[in-house]
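**Q** If you read the protein sequences in the order shown, they are chains Y and L. Following the numbering used here, the numbering of the first sequence begins with 2 at its first residue and continues without gaps. Following the numbering used here, the numbering of the second sequence begins with 28 at its first residue and continues without gaps.
Heads up, a few of these hints could be off.
[As the list claims (entries may be wrong)] Derived SDA-like pairs: lysine to any residue, alpha-carbon spacing no greater than 25 angstroms straight-line: (1) Y/148 - Y/252; (2) Y/227 - L/140; (3) Y/6 - Y/301; (4) L/169 - Y/13; (5) Y/174 - Y/27; (6) L/175 - Y/53; (7) L/162 - Y/197; (8) Y/283 - Y/32; (9) Y/6 - L/155; (10) L/182 - Y/195; (11) Y/209 - Y/270; (12) L/165 - L/109; (13) L/142 - Y/194; (14) L/131 - Y/15; (15) L/131 - Y/12; (16) L/169 - Y/198; (17) Y/45 - Y/101; (18) L/81 - L/56; (19) Y/202 - L/163; (20) L/42 - L/63; (21) Y/147 - Y/204; (22) L/142 - Y/201; (23) L/169 - Y/197; (24) L/169 - Y/205; (25) L/85 - L/64; (26) Y/6 - L/158; (27) L/176 - Y/206; (28) L/142 - Y/231; (29) Y/237 - L/142; (30) Y/202 - Y/179.
What the hints contain is simulated information worked out from the structure, not anything from laboratory work.
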Amino acid sequence: MGRFKHLISIEDLSKDDILYILEKAEKFESIARGERKSKILEGKTLANLFFEPSTRTRVSFEIAMKKLGGDVINLTAQEAISMAKGETLADTIRIMSEYVDVIVLRHPLIGAARYAAENSDVPIINAGDGAGQHPTQTLLDLYTIKKESNLNNLKIALLGDLKYSRTIHSLIKALVLFNAKIYLISPESLKLPEEILEDLKGDIQYTKLDDVIDEIDVLYVTRIQKERFPDEEEYKKVAGSYKVDLKTLERAKENLIIMHPLPRVDEISPEVDKTVHAKYFKQAFYGIPVRMAILTEVLID
Amino acid sequence: MVDDKDKKLTISKIKEGTVIDHISSGKALLVLKILGIGPKTKEVVSMAMNVPSKKMGKKDIVKVEGKFINKEELDKIALIAPKATINLIKDYKVSKKFKVHLPKMVEGILRCTNKSCISNCEREPVTSRFYVYLKDNKVIAKCYYCNKKITDVDKYIV
Numbered sequence: 002m003g004r005f006k007h008l009i010s011i012e013d014l015s016k017d018d019i020l021y022i023l024e025k026a027e028k029f030e031s032i033a034r035g036e037r038k039s040k041i042l043e044g045k046t047l048a049n050l051f052f053e054p055s056t057r058t059r060v061s062f063e064i065a066m067k068k069l070g071g072d073v074i075n076l077t078a079q080e081a082i083s084m085a086k087g088e089t090l091a092d093t094i095r096i097m098s099e100y101v102d103v104i105v106l107r108h109p110l111i112g113a114a115r116y117a118a119e120n121s122d123v124p125i126i127n128a129g130d131g132a133g134q135h136p137t138q139t140l141l142d143l144y145t146i147k148k149e150s151n152l153n154n155l156k157i158a159l160l161g162d163l164k165y166s167r168t169i170h171s172l173i174k175a176l177v178l179f180n181a182k183i184y185l186i187s188p189e190s191l192k193l194p195e196e197i198l199e200d201l202k203g204d205i206q207y208t209k210l211d212d213v214i215d216e217i218d219v220l221y222v223t224r225i226q227k228e229r230f231p232d233e234e235e236y237k238k239v240a241g242s243y244k245v246d247l248k249t250l251e252r253a254k255e256n257l258i259i260m261h262p263l264p265r266v267d268e269i270s271p272e273v274d275k276t277v278h279a280k281y282f283k284q285a286f287y288g289i290p291v292r293m294a295i296l297t298e299v300l301i302d
Numbered sequence: 028m029v030d031d032k033d034k035k036l037t038i039s040k041i042k043e044g045t046v047i048d049h050i051s052s053g054k055a056l057l058v059l060k061i062l063g064i065g066p067k068t069k070e071v072v073s074m075a076m077n078v079p080s081k082k083m084g085k086k087d088i089v090k091v092e093g094k095f096i097n098k099e100e101l102d103k104i105a106l107i108a109p110k111a112t113i114n115l116i117k118d119y120k121v122s123k124k125f126k127v128h129l130p131k132m133v134e135g136i137l138r139c140t141n142k143s144c145i146s147n148c149e150r151e152p153v154t155s156r157f158y159v160y161l162k163d164n165k166v167i168a169k170c171y172y173c174n175k176k177i178t179d180v181d182k183y184i185v
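Let the sequences and hints guide you as you build the complete structure.
**A** Below is the structure:
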């Protein structure tokens, strides 16, 4: 059996498990780039069960599966709901787990993936549950840092919507395992929830981007998660309150890398894309080998 | 004339059953809730609140006749009454005596405070589940599904 059956939260993995997956992902890069062919998952089917919209994550899993010779079925929010006709998530999962070999689930309610795992005979991979976790994103984020920067002695700034961003909630839990120096930068109303902060043992502090731009190795930028705000007024107060542009980067280290889980709205100015710092598109590509490593881990004994 | 014996507050001894003593004062009603004792209960149940106690100043007591409640059920009481002691009575005598221990996990008796948690989704057949532990002598319950913590456990007992 692989190291884990389900992948629900990054907290379920030890630092050793994480390093193991990152190393495994390296071996899949050439297949991800199309330089080598593989049929290692031939005969296996993946179901993308997305109760919330997504392009990147869904397509990323689809490509990863197909390039390994496997099959994919996609159930988008509308299809999932109309197919369900008021069916419980528990039943939907139970039925799907009879048809396919692995289910990738994205759901608006936090804890949904953990709950799905209880009702499934096949592996459940959490592609995002409410404002909860996004473990595959964290793994590809860590892979990006490993390849483009350095996981050891890391100085990283997390900028933006720290309150609703599950990529941040997931990533920060892994960063403390690597003893990273973590700077939190956000509008006052979008700070990291106290709940998450109080459980973390690490070098974490709030600061302003200007104060640390010359010392950090990684700048991780997030979009303000409009869809998670309880009301429009709250959103309007913070929309557009930060932006990374060429001026911001004037004093940055030459080997600073900028990451963003995408989609981006206006947080990173397009002029930054051409700089050596911009790694967000490469980051998106790295999702493929990382997801290949995860899929082979849960599907192959 | 009222003599001394009548003035003292006595709770009658039971012949056979479970006595839950040293409940933090005022919590007896919650203890009954946790144990599922309510309108449909068949057993004779007696309860006293704010009884003087040498050990605790004030305490509550609950007695359930004709039933030996199992230890697992009783440990749930530790969530709100950590000092509670249990006496199993046979033939008016204490046959077994033990303290309650905080369980590591509880199902069904607490409600998660996070509205967006799957455990609060009404149409799902899901029972709430919480990890329970002590921090700075306070009982903390952490939702198994969404990780949200409850620090004032009393308020969220269902």
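**Q** None of the hints should be skipped; say for each whether it holds.
**A** Now for the hints, and whether the structure bears them out:
1. The suggested pairing of residue 148 of chain Y with residue 252 of chain Y holds, with an alpha-carbon distance near 23 angstroms, which does not exceed 25 angstroms.
2. Between the alpha carbons of residue 227 of chain Y and residue 140 of chain L the distance comes to roughly 22 angstroms, so the proposed pair stays at or under 25 angstroms and holds.
3. For the hint pairing residue 6 of chain Y with residue 301 of chain Y, the CA-to-CA distance comes to about 10 angstroms; that is within 25 angstroms, so the pair holds.
4. Only pairs whose Cα atoms come within 25 angstroms are accepted, and residue 169 of chain L paired with residue 13 of chain Y is accepted, the gap being roughly 16 angstroms.
5. The straight-line distance between the Cα atoms of residue 174 of chain Y and residue 27 of chain Y is roughly 23 angstroms, inside the 25 angstroms bound, and the hint therefore holds.
6. For the hint linking residue 175 of chain L to residue 53 of chain Y, the alpha-carbon distance of about 22 angstroms falls within 25 angstroms, and the restraint holds.
7. Restraint check for residue 162 of chain L and residue 197 of chain Y: satisfied, since their Cα atoms lie roughly 16 angstroms apart, inside the 25 angstroms limit.
8. As the CA atoms of residue 283 of chain Y and residue 32 of chain Y are separated by approximately 16 angstroms, the hinted pair is consistent with the 25 angstroms bound.
9. Restraint check for residue 6 of chain Y and residue 155 of chain L: the C-alpha separation of about 23 angstroms stays at or below 25 angstroms, so the hint holds.
10. At roughly 21 angstroms between alpha-carbon atoms, residue 182 of chain L and residue 195 of chain Y fall within 25 angstroms of each other, so this suggested pair holds.
11. Pair hint residue 209 of chain Y plus residue 270 of chain Y holds up; C-alpha atoms about 19 angstroms apart against a cutoff of 25 angstroms.
12. Distance restraint check for residue 165 of chain L and residue 109 of chain L: the Cα-Cα separation of roughly 10 angstroms lies within the 25 angstroms cut-off, and the hinted pair is therefore satisfied.
13. A C-alpha spacing of about 16 angstroms is found between residue 142 of chain L and residue 194 of chain Y, which places the hinted pair at or below 25 angstroms, so the restraint holds.
14. With a CA separation close to 22 angstroms, the supplied pair residue 131 of chain L and residue 15 of chain Y stays within the 25 angstroms bound.
15. Distance check on the hinted pair: residue 131 of chain L and residue 12 of chain Y sit about 19 angstroms apart at the alpha-carbon level, within 25 angstroms; holds.
16. A hinted pair counts as satisfied when its Cα atoms are at most 25 angstroms apart, and residue 169 of chain L with residue 198 of chain Y qualifies at roughly 15 angstroms.
17. The hinted pair formed by residue 45 of chain Y and residue 101 of chain Y meets the criterion: a straight-line CA distance of about 7 angstroms does not exceed 25 angstroms.
18. For the hint pairing residue 81 of chain L with residue 56 of chain L, the CA-to-CA distance comes to about 22 angstroms; that is within 25 angstroms, so the pair holds.
19. Among the hinted pairs, residue 202 of chain Y with residue 163 of chain L is consistent with the structure: their alpha-carbon atoms are about 17 angstroms apart, no more than 25 angstroms.
20. Pair hint residue 42 of chain L plus residue 63 of chain L holds up; C-alpha atoms about 22 angstroms apart against a cutoff of 25 angstroms.
21. At roughly 20 angstroms between alpha-carbon atoms, residue 147 of chain Y and residue 204 of chain Y fall within 25 angstroms of each other, so this suggested pair holds.
22. A C-alpha spacing of about 24 angstroms is found between residue 142 of chain L and residue 201 of chain Y, which places the hinted pair at or below 25 angstroms, so the restraint holds.
23. A threshold of 25 angstroms between alpha carbons decides the hint, and for residue 169 of chain L with residue 197 of chain Y the separation of about 12 angstroms falls inside it, so the pair holds.
24. Of the pairs offered as hints, the one joining residue 169 of chain L and residue 205 of chain Y holds, with about 23 angstroms between alpha carbons and a cut-off of 25 angstroms not exceeded.
25. Between residue 85 of chain L and residue 64 of chain L the alpha-carbon distance is near 23 angstroms, which keeps this suggested pair within the 25 angstroms criterion.
26. Between residue 6 of chain Y and residue 158 of chain L the CA atoms are separated by roughly 22 angstroms; this keeps the pair inside 25 angstroms, and the hint holds.
27. About 22 angstroms separates the Cα atoms of residue 176 of chain L and residue 206 of chain Y, which keeps this hinted pair within 25 angstroms; it holds.
28. Taking the CA atoms of residue 142 of chain L and residue 231 of chain Y, the gap is near 12 angstroms; set against the 25 angstroms cutoff, the hint holds.
29. A threshold of 25 angstroms between alpha carbons decides the hint, and for residue 237 of chain Y with residue 142 of chain L the separation of about 23 angstroms falls inside it, so the pair holds.
30. Restraint check for residue 202 of chain Y and residue 179 of chain Y: satisfied, since their Cα atoms lie roughly 11 angstroms apart, inside the 25 angstroms limit.
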